[in-house]
Amino acid sequence: MSERADEAKEVTRRTALERAAGVAAVGAASALAAALSSSSAAAAVPGAKAQDTSSHSRGTTLSTVVAGVRIPDSELTRAVTEFARKVSSESLFNHVVRTYLYGSLMFDRRGIRYDRELAFVAAVLHDLGLVKAYQTPNERFEVDGADAARNFLRGRHVPAERVEVVWDAIALHTNVGIASRKRPEIGMVSAGSGLDLTGNGLQQIPADALTEILAAFPRAGFTQDALDTILSLCRTKPMSVLMHPFAEVGRRHLSDFQVPTVEDLLLAAPFEE
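Numbering (this note's numbering), first residue to last: 1 to 273.
Read the hints as simulated data drawn from the structure, not as lab findings. Careful: at least some of the hints might be erroneous.
Computed cross-link-like contacts, SDA-like style, restricted to lysine to any residue with a CA-CA straight-line distance of at most 20 Å [what the hints assert, rightly or not]: (1) K86 - S63; (2) K132 - N151; (3) K132 - D225; (4) K86 - K132; (5) K182 - V143; (6) K237 - T136; (7) K237 - V262; (8) K182 - R116; (9) K132 - L231; (10) K86 - D73; (11) K86 - R154; (12) K237 - F257; (13) K132 - G250; (14) K132 - S63; (15) K182 - R162; (16) K182 - E161; (17) K132 - P238; (18) K86 - D225.
All chains should be modelled from the sequences, with the hints used to inform the complete structure.
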């Protein structure tokens with residue numbers, strides 16, 4: 001190998017090592033931040049500043065049935081609905097409800113039994129990590145959302161085992177390969193949110209049901225809002241998207257996006273071959 005090639009290889013490896021060092025530093029800072037903020041996060045949920053919801057400030061309950069899907073009506077589901085409406089934009093609130101409706105339709109058609117209240121609660125709370133009030137400096141948005149949901153449900157004295165199912169459903173909802181192997185309530189959130197985001201599984205939704213769902217909970221600019229939110233996470237907490245699908249969006253749209261790739265991390269591993 002020529003001397004110039006050796007130099008190029010060394011520059012590449014040095015760059016990867018520098019990036020890896022940054023990753024390690026951020027990881028340590030993240031762990032410290034999590035330890036320092038765990039107590040304050042629990043208090044933050046009930047009093048978080050709500051976003052403007054004037055365009056969708058309807059009552060705290062939803063229709064009993066939408067597109068043939070029964071929406072559970074209990075003290076908890078009403079509280080969850082009211083909370084999600086207060087803290088979410090219209091497009092985000094409609095998305096989380098569509099997540100439940102799509103997931104229910106798919107699972108009902110397959111004859112899968114599940115806890116409807118638990119599935120609804122997990123679906124409606126699954127994107128709290130995209131609300132700025134619940135974002136930590138470095139955690140993945142799924143974990144931020146799961147933690148915020150856990151704090152809210154604990155505040156309403158929901159049994160611990162049910163809270164943990166909701167936590168898993170939210171934390172795993174972007175990883176369908178894992179979520180689909182867990183309890184049906186967990187798989188439902190992943191399947192329903194994935195369908196609403198990408199259309200994956202849309203062929204399982206009857207045309208008349210789709211029309212009714214979109215009429216009741218219109219997309220209201222959801223696609224652009226979702227893209228803007230992803231890019232916001234890439235800008236404001238870039239290390240939270242390390243080895244995350246959102247990182248590809250950052251690399252495509254942000255010229256100064258410096259989050260390492262898996263290859264960078266592999267090349268930076270401190271081992272002699």
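Tested hints:
Pair hint K86 plus S63 holds up; C-alpha atoms about 18 Å apart against a cutoff of 20 Å. A distance of roughly 16 Å separates the Cα atoms of K132 and N151; the hinted pair therefore holds under the 20 Å criterion. For the hint linking K132 to D225, the alpha-carbon distance of about 14 Å falls within 20 Å, and the restraint holds. Straight-line distance between C-alpha atoms of K86 and K132 comes to about 13 Å, which keeps the hinted pair within the 20 Å bound.
A threshold of 20 Å between alpha carbons decides the hint, and for K182 with V143 the separation of about 17 Å falls inside it, so the pair holds. With a C-alpha separation of about 9 Å, the suggested pair K237 and T136 falls inside the 20 Å cut-off, and the hint holds. Simply put, K237 and V262 have alpha-carbon atoms about 18 Å apart, close enough for the 20 Å limit, and the pair holds. A C-alpha spacing of about 16 Å is found between K182 and R116, which places the hinted pair at or below 20 Å, so the restraint holds.
Among the hinted pairs, K132 with L231 is consistent with the structure: their alpha-carbon atoms are about 13 Å apart, no more than 20 Å. Of the supplied pair hints, the one linking K86 and D73 holds, its CA atoms being roughly 18 Å apart against a limit of 20 Å. Straight-line distance between C-alpha atoms of K86 and R154 comes to about 19 Å, which keeps the hinted pair within the 20 Å bound. Only pairs whose Cα atoms come within 20 Å are accepted, and K237 paired with F257 is accepted, the gap being roughly 11 Å.
For a cut-off of 20 Å, the pair hint linking K132 to G250 stands: about 18 Å separates their Cα positions. Our distance criterion of 20 Å between C-alpha atoms is broken by K132 and S63, whose separation comes to about 28 Å. For the given pair, K182 sits about 14 Å from R162 by alpha-carbon distance, which is consistent with the 20 Å threshold. Between K182 and E161 the alpha-carbon distance is near 14 Å, which keeps this suggested pair within the 20 Å criterion.
In summary, the hint linking K132 to P238 is supported, as the alpha carbons are separated by about 15 Å, within the 20 Å threshold. A distance of roughly 18 Å separates the Cα atoms of K86 and D225; the hinted pair therefore holds under the 20 Å criterion.
Hint compliance for this structure: hint 14 is the single one not met.
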